[in-house]
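Residue numbers (the working numbering), protein chains in the order written: chain A, 1233 to 1495; chain B, 2 to 579; chain C, 35 to 230.
Don't read these hints as lab results, they were simulated from the structure.
Because the structure is a prediction, the values reported are computed rather than measured.
Incorrect hints may appear among the rest.
[To be verified] Straight line, CA to CA, 30 Å or less: simulated BS3-like cross-link-like pairs of lysine-lysine:
1. Lys17/B <-> Lys53/C
2. Lys17/B <-> Lys152/C
3. Lys195/C <-> Lys122/C
4. Lys53/C <-> Lys122/C
5. Lys364/B <-> Lys1365/A
6. Lys53/C <-> Lys195/C
7. Lys1405/A <-> Lys1443/A
8. Lys1279/A <-> Lys307/B
9. Lys152/C <-> Lys248/B
10. Lys195/C <-> Lys120/C
11. Lys248/B <-> Lys1405/A
12. Lys17/B <-> Lys1279/A
13. Lys1327/A <-> Lys1249/A
14. Lys1443/A <-> Lys1327/A
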Amino acid sequence: MDNYGWAMPVAASSFAKSIDLGIWIIHAAMLAIFVLWGIFFVYLLVKYRARPGVLAQREEAHSRSSELTSLIPDLAVVAFEIGLIVFYALPVWSKVKMSVPDVANPLQLEIVAEQFGWSVHYPGPDGALGPRKAELVHFSNPIGLDHNDPASHDDVVMGNELRLPLGRTAVMKLYSKDVIHSLFIPEFRLKQDAVPGLEIPVWVEPTRLGKYEITCAQLCGFAHGLMRGDVFVQTQEDFDAWYQSRLATTPAPDKPTNPSEDF
Amino acid sequence: MSHDHSGSSSPSFREKYVFSLDHKVIGLQYLITSFIFLLVGFGLMMLMRWQLAFPGSPIPFFGRLFSAELAPNGVMSGEFYNALGAMHGTIMVFLGVVPLAVGAYGNYLLPLQIGAPDMAFPRMNMMSYWLYLPGGVLMLLSFLMPGGAAQSGWTSYPPLSIINPGQTVWLLSMVILITSSLLGSINFLVTTINMRAPGMSLWRMPVFCWAQLVTAVLLLLAFPPLEAASILQLMDRVFHTSFYMPKDLVLLGQTYSGSGGGQPLLWQHLFWFLAHPEVYVLVLPPMGIVSEIIANNTRKPLHGYKTMVYSMIAIGVMSFMVWAHHMFISGMSPALSNFFLVTTMIISVPSVALMTCLVFSLKGGSIRFNVPMLFALAFIPLFAIGGLTGLPLGLTVTDIYLHDTYYVIGHFHFVVVSGSIIALMGGTYYWFPKWYGRKMNDRLGLIHFWGSVACMVGIFSPMLIMGLAGTSRRLYDPTAQLHNLSTQGLNVVSTYFAYGLALFQLPFIYNFFNSMFRGEKTPENPWQATTLEWACPSPPPHGNFPSTPTVHRGPYEYSTPGRVCDFWPQSEPPSEDL
Amino acid sequence: MTTIAIEQPPTAGAISNAKLGVWLFLASEIMLFATLFTSYIVLRLGSTSWPWGWDALNVPLATLNTVILITSSITIVMAYAKAYDKDKPGFQSWMSLTILLSLGFLVVKAFEYSHEFKLGIGPHTSVFYAIYFTMTGLHVIHVLGGILVNAGLLYMSSRSKHWEHPLFLGRVEGAGLYWHFVDIVWIFLFPSLYLL
Ligand code: HEA
Ligand code: HEA
Ligand code: CUA
Ligand SMILES: [Cu+2]
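Make a model of the complete structure from these sequences and hints.
Below, the structure written as structure tokens:
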């Protein structure tokens, strides 16, 4: 609870800080622009209020100079925007969205969205994710994991629960089974739509232990507002321990011959 | 003048008020209809505001009116909330503000301001109103139809919109509305290009006409793509095609039977290709209104008339190149985002120029603070807040966090409510004497003004904070997510201000209808204005001008040096000097 | 939805209201079909397999239709020429021929559709057929619209009050412009759906 307030929640990922920086810079600038303009605006209103006997003096109509003076504030705004684009937006964007950092053994995950929940698919010690097949999807096997495949023998699928080791880059592939959802973890400043038919990679490096929140940021139906889950950032040891306990308790779900017969 | 299309010399009530061909009657029809749609859209929103502030508690008074599945024992259901949200957006944009700004103000004032006897195609003009009304009514009726109204947001992203109920009616009425506004825009363009009075060169047109001209171009070119997109979505829903449906969908356990092979993102591109120009359609005419009022009440020419016109044209052109700034994290190629980041920053430049011109126009003036002027002045800083908050959204990186939060809601309500709506209200006070030959009551006007401004700021500022705190939009129960709890109090504040805003509309509505009949009679040119619409009787007769006016000078000849009278109407012959 | 209503002669501008209106209307129409063609390209590039028109559709019939439409474009020009030099019977015969040709086009298209439906092929079959039926269907609607307008003009020409009307020629020209547009759309549709 103390993670949250009237501004951005705690910053818990490696790029959260740089996103916040941008938000603060641009709001400071906006405030400055607005206040300066506002003062000037009010000053004009007071100074040039209608007074008996005082006629309006018009500047030379349509003279080049008067046309151009109105562009001066623009120059300031333009300069500021160019600065933001070149030195901030482009580099940070390419770091956060356009590339996945190539670190030694990142944690490879799959996150499959559906109405109205998130399934997190962990590869397990072998680091390999078992294949998924649409025809295997079943309430006992929400992501349609093919359990015959050797790669899936040590996989674990969690509903609405994402656990990440501290300081280890996690690369998550986003999928959706039905409609568009959006993976939003405020503390990570991480947001990405999950689009059916597309595979969208996102990455995050948790930098703070704690319990955070997964939410869905894209309207996905009547329970969109209820589509949430928990994020736990743990030490590698705790994470491994938890994983072993899961493995022990996860039974291999029975594979129905025809999934749709249950409906 | 050759103007005998209404046939008989003494037109029947039907011809005069219902199926009238007179641009002024049609304009007023648009005015009243869109006002009512605005109220409806507001009403829907007030229901939602209750749910947002007090989730899970039954809606007072109205709760029981709704059927059990909409609001089980008075508590709003998720489906109902989504339906209200989608309809609020749709109604406000397509049935409220655009018809008011273009259909009402444009229709009534454009021909007058360029000295034309009527629109170029009066029958088409009438047709566009008689498409708009049924389209809008159909949209509202969808609430009563099985499945209820559309529930997929005004953006109607597939696949959700394909599987949700209600969408088919939404699409049908959208197609009708689009057709209506296409007819309108063609009419506006031909009228402005071909029907200007002698001497009314383009550079002598009031800024308002320029705004309408640019707007018409936007409507003409931006709506057809949405029409196409809607047709494709209709096909998906009705004929089970898969334009927007990819392979291997599993919808609530059922594997989707369609052929697949479509692309959900295609719709988003087509939709925003319309919807971004659309947002400038929402704001350009109001900006025109503000310019007219400011020029008139500073008693001096606008500062940088040409700069303003060029800025509007620039905005019009650029607005076709920024659409994907709504899609930064939609899953489209991140490289594309960089392009739209740049265009988005570019488009803010002409907007700044426009605002600057408006502010500089005050310099050296002799400012009359009458009611219309107050609205026009309030527009400037309030739109500025909305516009400035657009910048962090346009910045790809910050949008990662702010996208689809209440920050977006705050942003565009500042531009659209405390911007467009404020300006449009000001326009009502300003041109009411033209419409009815009477003026609206000033005291009520002041109450309406200060109340509305205060409430609007009170409604939408909290949304910006909630956005920064990460509250997503379209949540029918914000308290279901932990990180929203810290700002839930702001939701309550926002809601009470929304109800306050509703109260402060009452004086306006009373004032409007009361002044129609009992308002203080006004002379032909009550504001001592220069533009042509004041050079004919109020209300103008069918055919407008007693004789086609000739234009001798630019639109804003106020306080011309060497003249005793501080305004110089465009149509006044230069000879004699009063 | 054509723009043949003119209430008074323009007070400015070289080109008549009706003509300008038609051009603007066509501009919006171009945006409409341009969007559909773009969607076609996007969907085709995004899809794994795409049938070849020759296997999926009836190319000979479509070729016939192409010929029919192009001819009708010529006949409507002839009709305009006749209206220009006030030759009423000439105008009426050429206009009727145009209408007959466009009806012919519809008949052929009907054969094509019914054949596909018999094979159980419909818009739902695949994205290719979805595009095919949507775009050709929309084009057919435009053809119907054109027929209505042309028939209207044909009827008006029989009434001297309209035939003498100073703006009649302008209306014929507008209809002609629209019909050419419908023709051009087909000329784009034919190769992109049937041949490529
Ligand atoms: C009238 C409507 C309108 C207007 C004018 C604007 C103007 C702008 N909008 Fe906005 N926008 C919307 C309506 C509008 N918008 C709507 C409806 C949505 C949401 C749609 C949805 O998702 O449902 C939206 C969403 C939206 C987004 C997507 C957010 C997201 O979903 O993640 C973005 C991102 O770039 C954006 C950017 C901008 C920008 C850069 C401008 C710029 O044009 C702003 C330029 C203006 C300025 C920069 C102000 C400058 C003025 C001054 C500096 C003078 C100050 C003077 C004084 C203080 C006296 N808008
Ligand atoms: C022009 C567009 C417009 C306008 C004017 C408004 C006006 C208002 N909007 Fe809305 N809104 C949208 C466009 C608009 N909105 C859109 C597009 C969305 C997104 C929908 C989606 O998620 O898909 C949205 C969403 C939206 C939300 C978010 C819902 C959600 O995400 O779950 C909220 C929340 O409070 C909200 C509130 C309001 C409020 C309180 C007003 C008030 O300010 C209302 C003010 C209205 C008036 C002041 C009009 C008063 C009437 C008159 C003056 C006429 C008088 C009558 C006579 C004289 C006869 N709007
Ligand atoms: Cu899933 Cu919203
Ligand atoms: Cu936009």
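Going through the hints against the structure:
no.: 1; hint: Lys17/B <-> Lys53/C; verdict: 29 Å, holds
no.: 2; hint: Lys17/B <-> Lys152/C; verdict: 54 Å, violated
no.: 3; hint: Lys195/C <-> Lys122/C; verdict: 13 Å, holds
no.: 4; hint: Lys53/C <-> Lys122/C; verdict: 22 Å, holds
no.: 5; hint: Lys364/B <-> Lys1365/A; verdict: 69 Å, violated
no.: 6; hint: Lys53/C <-> Lys195/C; verdict: 21 Å, holds
no.: 7; hint: Lys1405/A <-> Lys1443/A; verdict: 22 Å, holds
no.: 8; hint: Lys1279/A <-> Lys307/B; verdict: 26 Å, holds
no.: 9; hint: Lys152/C <-> Lys248/B; verdict: 26 Å, holds
no.: 10; hint: Lys195/C <-> Lys120/C; verdict: 14 Å, holds
no.: 11; hint: Lys248/B <-> Lys1405/A; verdict: 18 Å, holds
no.: 12; hint: Lys17/B <-> Lys1279/A; verdict: 49 Å, violated
no.: 13; hint: Lys1327/A <-> Lys1249/A; verdict: 13 Å, holds
no.: 14; hint: Lys1443/A <-> Lys1327/A; verdict: 25 Å, holds
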